[in-house]
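> Listed in order, the protein sequences are those of chains A and B.
If you read the first sequence in this note's numbering, its first letter stands for residue 1, the second for the next number, and so on.
If you read the second sequence in this note's numbering, its first letter stands for residue 1, the second for the next number, and so on.
By construction, these hints were calculated from the structure, which means they are not laboratory data.
Be aware that one or more of the hints could be misleading.
[Stated by the list, open to error] List of simulated lysine to any residue pairs, SDA-like, C-alpha gap at most 20 Å:
#1 B:Lys-104 with A:Arg-79
#2 B:Lys-99 with A:Ser-97
#3 B:Lys-99 with A:Ala-81
#4 A:Lys-122 with A:Glu-143
#5 A:Lys-104 with B:Glu-151
#6 A:Lys-122 with A:Gln-148
#7 B:Lys-104 with A:Val-145
#8 B:Lys-4 with B:Tyr-78
#9 B:Lys-117 with B:Gln-141
#10 A:Lys-117 with A:Gly-152
#11 B:Lys-104 with A:Gly-152
#12 A:Lys-125 with A:Pro-53
#13 A:Lys-104 with B:Gln-148
#14 B:Lys-4 with B:Ala-80
#15 B:Lys-99 with A:Val-127
#16 A:Lys-99 with B:Lys-99
#17 A:Lys-104 with B:Val-147
#18 A:Lys-117 with A:Pro-107
#19 B:Lys-4 with B:Gln-82
#20 A:Lys-125 with A:Ala-81
#21 A:Lys-125 with A:Leu-103
#22 A:Lys-99 with B:Gln-82
#23 A:Lys-104 with B:Val-145
#24 A:Lys-99 with B:His-26
#25 A:Lys-117 with A:Glu-88
Protein chains: 2
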Amino acid sequence: MDEKAVQDFYPPDLSHCYGCGRLNEHGYRIRSRWDGDDTVAVFTPETYHTSIPGYVYGGLLASLIDCHGTGTAAAAAYRAAQREMGSEPAFRFVTASLKVDYLKPTPLGVPLDIRGKAIEIKGRKVVVSATISAGGVVCVQGEIVAVQVPEGMIPPR
Amino acid sequence: MDEKAVQDFYPPDLSHCYGCGRLNEHGYRIRSRWDGDDTVAVFTPETYHTSIPGYVYGGLLASLIDCHGTGTAAAAAYRAAQREMGSEPAFRFVTASLKVDYLKPTPLGVPLDIRGKAIEIKGRKVVVSATISAGGVVCVQGEIVAVQVPEGMIPPR
Chain A
1 MDEKAVQDFY
11 PPDLSHCYGC
21 GRLNEHGYRI
31 RSRWDGDDTV
41 AVFTPETYHT
51 SIPGYVYGGL
61 LASLIDCHGT
71 GTAAAAAYRA
81 AQREMGSEPA
91 FRFVTASLKV
101 DYLKPTPLGV
111 PLDIRGKAIE
121 IKGRKVVVSA
131 TISAGGVVCV
141 QGEIVAVQVP
151 EGMIPPR
Chain B
1 MDEKAVQDFY
11 PPDLSHCYGC
21 GRLNEHGYRI
31 RSRWDGDDTV
41 AVFTPETYHT
51 SIPGYVYGGL
61 LASLIDCHGT
71 GTAAAAAYRA
81 AQREMGSEPA
91 FRFVTASLKV
101 DYLKPTPLGV
111 PLDIRGKAIE
121 IKGRKVVVSA
131 TISAGGVVCV
141 QGEIVAVQVP
151 EGMIPPR
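Next up, chain A with everything else stripped away, as it sits in the complex (with noise of 0.2 Å):
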């Protein structure tokens, strides 16, 4: 598995998210690295991170897919231009739309495999379908439309 995570490439403007920015330090700092054809990240949530006693908040795993599924995006784009990650125009995408299925429940206090898959990459378009698991028990299943960051929405540097 790379050492390095697809948001440590991220430019300093962009690394400011909430879910995966690693400047950002109220946030959740997800990383996601290459393992294979696939990406995965661990996250191990806070016993705050609660639904129903016991299981993992829901909005929280769908950040997970969310975050999970928009660096796998920039890491598959990076492959099929044949790029080094991170070399510059830098890949950054953003949702288009998010779709979470809760499988089971979630339970807290183990660390969560979250793997992903880029399924179609066309244009500034990528699809990633990604799992999230807790001790080996697929719980979640979500799938994400990430489009390049449109032009207008990067801050000017």
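Dock chain B against the given chain A, drawing on the hints supplied.
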């Protein structure tokens, strides 16, 4: 509009949700109220709830749809059963699936209006559609399938 929120009627042991539990001091404490046949909630993100600078984090927006959705499901279930809000046994829902379309980037720094409607009530399931608007402009459209908390998930009282 009702003064009390749906979440004010949740039993204490089901009021720890990170998104909407009134007893979770770390959480968002979303409060959903009836407004005619719709439900509404207002939430102002913190500056660090960002994605790309200037815009709201998509995972938070998904969380707002999620928790306002389960709150709307509970309120609609009470109405459909012609029961007083908060009467026992409590209606409390979890999310089986969540779909969020990010129609436009959602600006940071303004209160967000979350508006929901129960579009189907059948057995233990309620389908809720919801929107999030900023300054009168709908930025996010979502839908959840909510199901009553399974007996086995409720902590012993």
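> Could you check the structure against the hints above and give me the numbers of any it violates, in ascending order?
1, 3, 10, 12, 18, 21, 22, 24, 25
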